[in-house]
Every structure is written in C-alpha cells, then in structure tokens.
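Protein chains in written order, with my numbering: chain A, 1 to 350; chain B, 1 to 350; chain C, 1 to 350; chain D, 1 to 350.
Simulated from the structure, these hints should not be mistaken for lab results.
One should not assume that every hint holds.
[Claimed, not checked] Simulated restraints, written as ranges between beta carbons of each label pair:
1) A:Gln332 with B:Ala74: 50 to 58 Å
2) C:Ser39 with A:Glu115: 52 to 60 Å
3) D:Lys305 with B:Leu50: 53 to 61 Å
4) D:Ala125 with B:Ala338: 48 to 56 Å
5) A:Val346 with C:Lys119: 21 to 29 Å
6) A:Val346 with C:Asp128: 18 to 26 Å
7) A:Lys108 with C:Lys119: 20 to 28 Å
8) D:Gly52 with B:Ala125: 53 to 61 Å
9) D:Thr33 with C:Glu343: 25 to 33 Å
10) B:Met123 with C:Lys219: 31 to 39 Å
11) A:Glu115 with C:Glu115: 30 to 38 Å
12) C:Ala125 with D:Ala125: 54 to 62 Å
13) D:Pro224 with C:Lys280: 38 to 46 Å
14) C:Glu115 with D:Met1: 13 to 21 Å
[Claimed, not checked] Taking lysine-lysine and the BS3-like style, the derived pairs with C-alpha atoms no more than 30 Å apart in a straight line are:
15) B:Lys42 with A:Lys35
16) D:Lys219 with D:Lys42
17) C:Lys305 with D:Lys42
18) C:Lys35 with D:Lys339
By construction, the Cβ of each residue, glycine as well, lies at the ideal position given by its N, Cα and C atoms.
4 protein chains.
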Amino acid sequence: MVSFESDYIAGAHPEVLKKLTETNFEALPGYGTDKYCESAKKKIIDTIGLDGLQVEFLAGGTQTNAVVISTMLADYEAVIAATTGHISVHEAGAVEYTGNKVISLPGKDGKLAAETVKKYMEMLAGDDSREHMPIPGMVYVSHPTEYGTLYSKAELEALSGVCREYGLKLFLDGARLGYGLKSRETDVTIQDIAKLTDVFYIGGTKVGALCGEAVVFTKNNRPPHFMNSVKKRGALLAKGRLLGVQFDALFTDGLYFRISEHALDMAERLVKMLEAQGVKFFMHSPTNQQFAVLPDAQLASLKEKIAFTFWERYDETHSVVRFATGWSTTEQDIEELAKALKETKVLSDL
Amino acid sequence: MVSFESDYIAGAHPEVLKKLTETNFEALPGYGTDKYCESAKKKIIDTIGLDGLQVEFLAGGTQTNAVVISTMLADYEAVIAATTGHISVHEAGAVEYTGNKVISLPGKDGKLAAETVKKYMEMLAGDDSREHMPIPGMVYVSHPTEYGTLYSKAELEALSGVCREYGLKLFLDGARLGYGLKSRETDVTIQDIAKLTDVFYIGGTKVGALCGEAVVFTKNNRPPHFMNSVKKRGALLAKGRLLGVQFDALFTDGLYFRISEHALDMAERLVKMLEAQGVKFFMHSPTNQQFAVLPDAQLASLKEKIAFTFWERYDETHSVVRFATGWSTTEQDIEELAKALKETKVLSDL
Amino acid sequence: MVSFESDYIAGAHPEVLKKLTETNFEALPGYGTDKYCESAKKKIIDTIGLDGLQVEFLAGGTQTNAVVISTMLADYEAVIAATTGHISVHEAGAVEYTGNKVISLPGKDGKLAAETVKKYMEMLAGDDSREHMPIPGMVYVSHPTEYGTLYSKAELEALSGVCREYGLKLFLDGARLGYGLKSRETDVTIQDIAKLTDVFYIGGTKVGALCGEAVVFTKNNRPPHFMNSVKKRGALLAKGRLLGVQFDALFTDGLYFRISEHALDMAERLVKMLEAQGVKFFMHSPTNQQFAVLPDAQLASLKEKIAFTFWERYDETHSVVRFATGWSTTEQDIEELAKALKETKVLSDL
Amino acid sequence: MVSFESDYIAGAHPEVLKKLTETNFEALPGYGTDKYCESAKKKIIDTIGLDGLQVEFLAGGTQTNAVVISTMLADYEAVIAATTGHISVHEAGAVEYTGNKVISLPGKDGKLAAETVKKYMEMLAGDDSREHMPIPGMVYVSHPTEYGTLYSKAELEALSGVCREYGLKLFLDGARLGYGLKSRETDVTIQDIAKLTDVFYIGGTKVGALCGEAVVFTKNNRPPHFMNSVKKRGALLAKGRLLGVQFDALFTDGLYFRISEHALDMAERLVKMLEAQGVKFFMHSPTNQQFAVLPDAQLASLKEKIAFTFWERYDETHSVVRFATGWSTTEQDIEELAKALKETKVLSDL
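So that you can see chain A by itself, here it is in the shape it has in the complex (with noise of 0.2 Å):
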C-alpha cells in the first residue's frame, strides 16, 4: 500500500544499505570505536566547519533526547520545552526517568518563544519559593518542530540570547533536520545550529538510515565518560558500526541534503495536489510532513487505500492526519493519493 504514514516507512536510501553491504565483511572493534564511526565523526564536523564540535552516535530519538538531557544537566536541574515538544508528550515520560523534570510552556505552531522563556525566569527570580521548583538548566526546542514548522534565524537568536542570559542550555532536537535545513522558507544553516545551541543532533532514522542519530556537542562541552553513561542506560551498540557506517554514507557526497531536498520536492508537490483537491490544512508547514484537516466520513475510506496518521481531532466531524514525505516517497505515491482522495471524497464538507 502507498504510505505517507511516516518519514521511517521504507528501510535505508540505497547509498546507506551499499555501503552497510560494502563493509559488512570487515573485522572491527566494537561500541563505536571503529574507523567508519571516527570517518564518519570527521565528515560532519567538516561539514558544519566550526571549531569545538564534538560528535557522537546514538540510536533513535527519544533515547538521544534522554541521553542528552540527562549528561547534560546537573540533577537539580530540568528542561524547558513547548507543551507540543516531543518530550513533553510523545516520550512516555523518558526524560522525566532519567531524573530531570520537563517543564513545558505554551509555544505556539510548535514553537517555543524566546520571550515566553524569559518570562518564565523572570517569574522564577521573583518567587521565593523558587527553591521548592525545579530548576531550569536547558531549553529544548525541535527544529522543524513536531508539526512541521521552522524557528527562523532571529528567533533561534533570541532564544539563544536568553539561554545565555539565564545560564541555561540549549538543545536543539533535530530528529528531522536535513528536512529544515533544505526547506525553500528557511534562513537557519547548520552553521547557525551550531553557533547558537550548545548541543543539537543530527537526525538519520527519519533522513535515510536504519537507525542512528548523530549527537553534535558544539562547545567542546561533550560531558565526561559519556561513553559510561550511554552504557548506564543501554544505548550502547557492540556493533557501533552500524550507526557510523550509516552516516559515513550519508555525509558522502551530501547524500544527507539530497535525501532532504527529494523529501521536501515531494512535500511541494503534495501540497500542490492536495491545495488543488481544495483540502484544507491544519497549519502551515514549510517541511516534509503535511497536516491536512478531512472530514472523519472520508477517513475509513481512504485508510483502505493509503496509509497516513491521524494526528489530533479537528472538531467534532474533521480530523487533523498527517502526511509524510521521505527519501523513498516518488511521484506516483502521490498520484495514487491524489486518486483515492478524488474517490473518497464526501459529498458535503467544511
């Protein structure tokens, strides 16, 4: 069945598996000690080409963001995200396992504002009971964020400008990066992520690979025996070649920002369809996941012949579903769409 479900529906961009293929023969040492993960290390920081850059390898995206919350912060300390942020909602609570608190603020498209961080502090400063509260050491902000939206440069500046202010990290979960760095609406590079963050990753599982995220310290602030720490909380791979293989490949040749900009060539494309069809859309979205609202009649129909992901309801009749492009999404998919959308389409709506 033609899937927009996801960005992880299909396995490895064919560049990744050929070179897994290529190298699967080799006798390596184990837990990312292996030339492929340092090759791999060495390409993206000559990518970002910024001094201080630390990398390394994890596996998917919500132990990368427990991992890094928790290294990162001191135990008294919690984290700061938007009441949409992945971590405040769609982790099972991993962070706040770790011992960290996420404390979550209204943000607004997905977005956390600089300002609403400041207030927050500022609120804190005054409250002498502060020290009954946890204390915010981090900031967290997704980027495109969990609907799809970008941070524009002065807003990731001001974010930054008040993290300093306030002593506080911050994190940048870039579990879908590649799709916000190539998208046509932005004026954030990796470079900027970089400067501006003290810790962002890399997204591969949604960007081509298997698996595998690529963790980027950028301050030369990667905490100590962070080795021994993955290992406490059984992120560890004995063949750590599988994570730096896969992004060996996709630091070649930019497989990483061609598997991005194929993805959100097709965004456009189903925006187009979906604009022409009339379909109205939840939000704006200048990446490759497109959260259109359908009348709840259409929605049984239409499963039968596409897979997609509903999302949120709309109100009592509509729903908010997603639908998502990634490296393997072609043209005809979105035909196909375009097709089963025309034949199930309901009669009165909106």
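Once you have looked at the hints, place chains B, C and D on chain A.
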C-alpha cells in the same frame, strides 16, 4: 587484521543482510508493528513449540537486561546475580539505574548455584531486619556465562526449583544462547529453558545480526504496556523492522543454529590448535569463547598481528586473554593465529 | 514578630508536646513498630469508622506524595494533577524523581474538574500514539487546595466516578485536611473522602504536629512491602514513635479537629478585619489560608511589622500575599495585623 | 521492659526535650531558615574550629546517605563501600534508587582498608572495559562501623590518601559519631575527620535526638542548590526548627559528647559484666554496641525479660546478638540484664 576480539566483529550474516536488502523498499508501519516482526515472532514461537510464549525485540544486551528486569520486578524488588554476572560488573550500573538493586552472590566458573540462592533466601527469612534489605524478586543467570561455561539441565532445574520455592522469577540472559544450545557438551534444550525460566532472551547481536535480542516471556507473562515501558527507556526503534527482518532471517531454515554450529566448530579447531601449541586455558569452555593464559611478554607483539581481548590478570607475568569465534571466523583465521602465536612465542614460560 | 507566614510557624500544639514529654523515657522498638504508632492508627481508623482502612505515618508532605504515588502506581503509569497542584509546581520534581510523570491539566481555583480528567482520558483513548504517552494511573487532588479552596461532595463524587470509569486511583492530598473538614462551607466528611478515594492523607505538620502525615489506604490496598519502600526512599524514621505519639495525641479528645476549628475561627476574624479595611481578596477561600491583593508599595513596610508570604504577582503594581492561621494564631495577632495594615496603608490604591 | 535493643529506644535527651519545649511557641520561618538552625550550624562549626565547613540538617541516616551520595556524585559515578556497610545491605537499595551504584568490596571487622580501594582502582585502570563498569567517585566508611569498630587515625589517613590519589571523595557516615570520638581506644578527633574527609555527618538520632543528622561539608563543597535537592528527595521538613533546635541543644555545653561518654561508660560496665559471666564476644568493640555470642537455647527465654537484637547466625546452635547502650541506659539496666542472663543460662555451652 585477523580478529578473535569478540563475536561481534563483523556485520550481519549474509542471509540476514540479504533479507534486509530484499525488504528495504517496502513501506511498513513503525515501532515493531510490521509484518516481519510478526513473522519473526511466530517463527521463534514455532521453533520452541510451547504454549504461553510471547516474543518482543530489543536492540542490545544491556538494554534488554535493564528493560526485562525493571518491567518484571516490582519497585521494591531486587535481582540476584553471580558476582561475575554481566549485570553485576559490565553494564555500568544500568540495572540499578532503573531502580532495582543487583544482589551479587559468589558463583563458580561464572555460574550461580541453586544452593547459593537458597542459603541467601534462608538467611533473609531468619533476619529480623529483612524489610531493611532489598527484597529478591528474580534470579539472573547467563547461559553461556561470561566465561563461556554452561549450566547443566540439572543445575537449571535446581535453580528453577529454588526460584519457585521462594517466589522468585528466573531470567536467563542468552546473549550467546545459540552457542550454548549447540554446544557438544550441553544437555539443555531451548524447550528446557522455556519451561524452567520465566523469561529469557535469544541474543542476535552476537549470533549473526547487526543488532537485536529476542525476549521470550514464557508463561503469557509479558508485563502490561510493555511497548510504553520500552519507549520510556528510550529503547523503541522507529524502524522496528530492522529487528523483525533480521530475526525473521535468523529463524528461517535454522540459520540461528547454523551460525552457532559454525562458530562452535571454529572454537573446537581453535582449542585444538592452542592445545597443540601448549597454551594453558584459564578454564574449560564448551562454547565459542576461549580463555587462554599468555605471558605478558608475548601480548604486545601478538597484538600487532591479531586482534583479541585482554580479560584479566592471571599472575604477575601472565594475563588471561579471550579468543572468540563467530559467524565470520574462518579456518584461515585460525591458521593465522597459529602462525602469529608461534612467531611471538617467548622462550621460557609457565 | 507576629507571623501569618504559614500554618507551620510554631512548634507542636501543647497537648502534642505534652504527650511527647510524657512518653519520652519509655523504651520502645524502632521504625514505627511501637505501641503509640499502633494506638494512633487505631484511633484514626476508629474516627473514620469504615472497613478496610490501613494507616501509615510519614514525616512530611512532599515525601508522602512521592512515596504514595510511586508505591501505588506501576512503573509505566503517570499521575494527573491540576497545573497549580503542589506536585506539579512546588515539589522540585520529587514525584518525577521516583519515575512517574505528572500530567498537569488546567484547573480552576486550584481544583481539577472531573470533566477535565474525562476529556483527557477520551482524547487518549482516541489517539493511536497513546502507547508513546505516559499512561494515567492516578488522579491527585489537594483538599483544601493550594489556594485554600474546597471540593464539594458532588465534585469529589464526580472525580471518583471518572476515576472508576477509567481505572484510575484517586489520591487526596490532605496536608491541611482538618481545615477542609471543619470549614463552615463544606459538605464533605472524612467518611466521604475515605469512601471516594483510594488513598488520602491527614496532614499533621500543618495542623499542630512538629512533623508527620498519616496516610490512609482506604480499601485494604496498602502496597506490599510498604516499609521497605519507605526505607528505600530514605523516609523511615528510626524513632518512629515521634510520629506515632504525635498522631496519638492529635486523635485523642478530637484535638485534630479542635485545632482546625481554632484556625478557622481565626481565619474568619482575619477575613472580617481585612474586609473592614477594604482589602481585596484574590479568591474566596473557606479555609485557613487567605489570599489578599496588596499594593507593592505597602509590602516592604508591612514586612517590617508582620511576617506573611508573597504568593504571586497580581498586576504591575500589586501582589497576591498569603495570610495563614494555625493552632498558635491569637486574636491579638489579628489586631496587630490590623494595626500594621493601617499604619502602612498607601493612599491611592485599586 | 529493660531494653538494649538499640541506641534509639528512648525519646530525646532531657536537655534536648527542654529546648524543644522552651522554643515551642516562637513563630519561626520554615524549611531550616530559622535562627536555631543558624545557631546550631555555628556551634557545630565552632566545635570543629576549621575553615571551609558548611553544615546542613537532615532527618535520618539512610536519607542522609542517599542525599549526600547522590548530590556529591556525578550521575556516572558510583560509591565504594565495605560489603558490610550500611548502604550495601541495610538501606533497601536507597542509594542505588538515586541512580548511583554501590560497589561493595570486602572489609574486615566492618572496616574498609585503603589497600582494598587502591587495588580495585588499579585493577580498573588496567581493564580495557572500564568504561563499561561503574566509575568510582566516592568511598563510604562508617565510623563507628556497623560492628562498633573504629578506624585508627593511620587507617583514615591511608584511605584519605588513596582517595586523593584517585580523585575519589571520602564520605564518613557518623550515625554514631559521638561513640567513636569519645571511645577510650580512639586516636581520631573530629578535626581529623573534617580534615581527612570531604563530607561526614554527626548522627543525632542515635545520640540523644528524636531525629536528625548534621551533615558537614568540609571543604566549602556543599553541592549547589542543596535545598532543592533535599526537597526533590522528599527530605525537607517544613518545620526545620525541629532539627535546628535539637542540634542547638546537643552542641550546647558539650551535650553531644556527654551523652556519648555516658553510653560508653555503660558499655564498659556491660562488657565487664558479660565477661564476668563468661559470655563470648563476636568481635572486640570499643564503642556502645557490643556483639555477644549466645546459645539459641537461651535466646527465647532471655527475650521475655530483656529487649535486644538478633544480629546474625554464629553457628548451628548459636547466634550473634547485639546489646547497645545509649543516653537512657542505666546501671540498673545492666544489673537487670545480668540477672536475666543468669536466670536463662543454659548448662553446657561453647
């Protein structure tokens, strides 16, 4: 360089890699809900052939130990393990990190005796301050152990009996299970293990997979909301297919057991070669890990030719080193090792 | 200095102190196994007069919340609370530290509505990604709330009904329970609470004890090995008698309720005095905590004469402050406050 | 019944109780910010008379161990203790619950030798897999130990030296510190302890208080936001005065040391009496806890007359039992025990 460093030096067994390649382009749902996970689970259950089995996949061994122990124990319970057990020493405190204490009791040759557990439980029962002590809820054994040794069926039955007597769950860490099941010196079958334990796992990472362990709950006793607990521990892969496809391949045409037999054949040749060279063994191992005592004077030069693992000091001038075989070990490798040992031999030893 | 800073400004009520003194020289066993703990438990159970009650003592409120929630919930469960709930904001993340996430939902006047819980549970039930979200296992309410307000019997019944419908435990934080039970505006009895909740606690620290909270499990549902869990959280006092003796005194001759009535009488006088002075209230409170809106210009000078607590900003030139009464509050104290308010009054306000 | 069950059988020493009574009606701020906490801290610092001391109060011993260890260690660090150490066996896993593993190493007579720590650290340094093992960050010793024994100054200096060599913090659990400092067989002063350790605590619960331990950070090294961490662990008392007032009394006119001397005098008489009766000691203790070997046949009848504590089995027909003295022990108590021992003596023994 020829490597006996571990059983995770190479990538995936070719049949596993082939299946990953063949299924790579299929669009599949995420988080382990795809058809290959289903198929792999069914094949594992059919291989064992007992009622009440439930299978779940995780990525690595330490992760599996931490997830299984913490989801099967109540918060107030602790797990008993040999002092040499993997969870006691080599997991960076991953089990304690989940909140359940590891009670380490002395073993022999890596094995924990039923009598040792029984005596501990009797001591506790007679101690008025037992509510001040961690309350045992589980016994953890590894099979093969960290020293390559195996429990006999009688030993496992005795452990299982003591566990039932005291209401303890029995958990068998099978990171290298295949090498135990196919050992020429074992009388323990996978059915025995399924009957005698409450939960065990079939290690994939060390038996031909890129990553992955298959947890088998043996008495319809998978903890409720297991997927949520896996997510909460950062252990849920978005592309769960990565685990399903590999285990599907491993349990097709007995591949898992063929890999195990190959590694054991290679280990047998290795042992004969070492014996022929007069190398002393640290202890007898009937599986794929062999522990040899070598003079320190030889280690440095040997290391330049062959990769292997330092295990522990033997005496002031000798070390215990590990040679492990796996799916990728060849007769040629053993010949290379033989040659290297001869070339680096120190004159007067032992 | 006269103080309305809190209801824990003074030591123990004289009758409590007397009992501590009288029993001081008796040799008693430790860890809460003494006869005064037994006697106090019996008196509390007799006071409530229902079947299935089990009582345990702990030292403080945050400790009690963390112990009760983490011992009654499974590892994968979370607790729902109002965003203004004590566990949501003022316990430094103590509940999350035990591993269970706090899901904060909007309340009104410090109270969480049954309808709010119901809608959240319905939203979850309809969300395909619900296994990626914390799984609610309990609802937490405080009565009186952090704003001194009270649930009506109908409101508690509605909450209890929703909890039963969705398999949620209901936990009532009664740090100030006496002031709720004896309020002139309540229709809720301690029997109602015992019937409608799964667990609640009778606060001692804020109602005449030096320290101590009495947890009441209402349905023979005390978690197994509770003493071990208390020890594990560092909450077990060697001289458990300290708690037992105090609660024995508090539940002798209705002292707990006499203390509560006294504080409520004083609160009533306080309210009348404040009204007479034209002070505006932040919200109506029928208990011993009164929240007044005062001009910032007055606060500094008032602070030199009277101890009270800043609560939160009201607007740019006003603050909400709390005046609390307790067992030691006297009519003289209120007169002093009246005098101080007059002396510090700023001319043009509100 | 006459009781030698522990050193926490009675309430507060009369001078402590008197101060609690005298200060009972004063209105004081909460959470340990009152003047008695301040005064008590100053008195303790003055008693030690060194620079860089910081004092904080907590309620009980296990709580103190868990709070101190988890706030002074990084998340990736573990604490080394003797296998008989309180944190190793009798705290229900409270330290591990905070996330830091306890590494238990063999001791002798309850004491951990510097050489044992050194060898462990050397072993680690030579082990390639050390990043897979918990990373020691602290050494925990109790003084007196759980068996009433004491470290000599030379032994503490050796431990302190090894700790500095390997970058380990040294933490001394002084739950019974007074009985060590005032023992006739010690050459260790409180100044020695303050100089040689990074942190230690002065036990109150077992030396005349109702509850309370005074933690002394010795090198201006109190962890940041310590109050927040205490709150997060549920250990912050609203009426912090309860701890401050008691320690203020204990450190007025040398009460803490007078209590200790009294208990040691009583222990000396106890030992003489037991020796006169031909009772065998399990090990020599120079402090207030005495461990005697008694025939099982005598225990039941003795228990009817005297309260004491079963410690552990000695052999098939004998047990080790503990007799402890404290501030409330009288010569009359010892005479009663003598009489009871005679009356219950079994004919042929040992």
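### Query
Okay, which hints does this one fail, numbers in order?
4, 8, 14, 15
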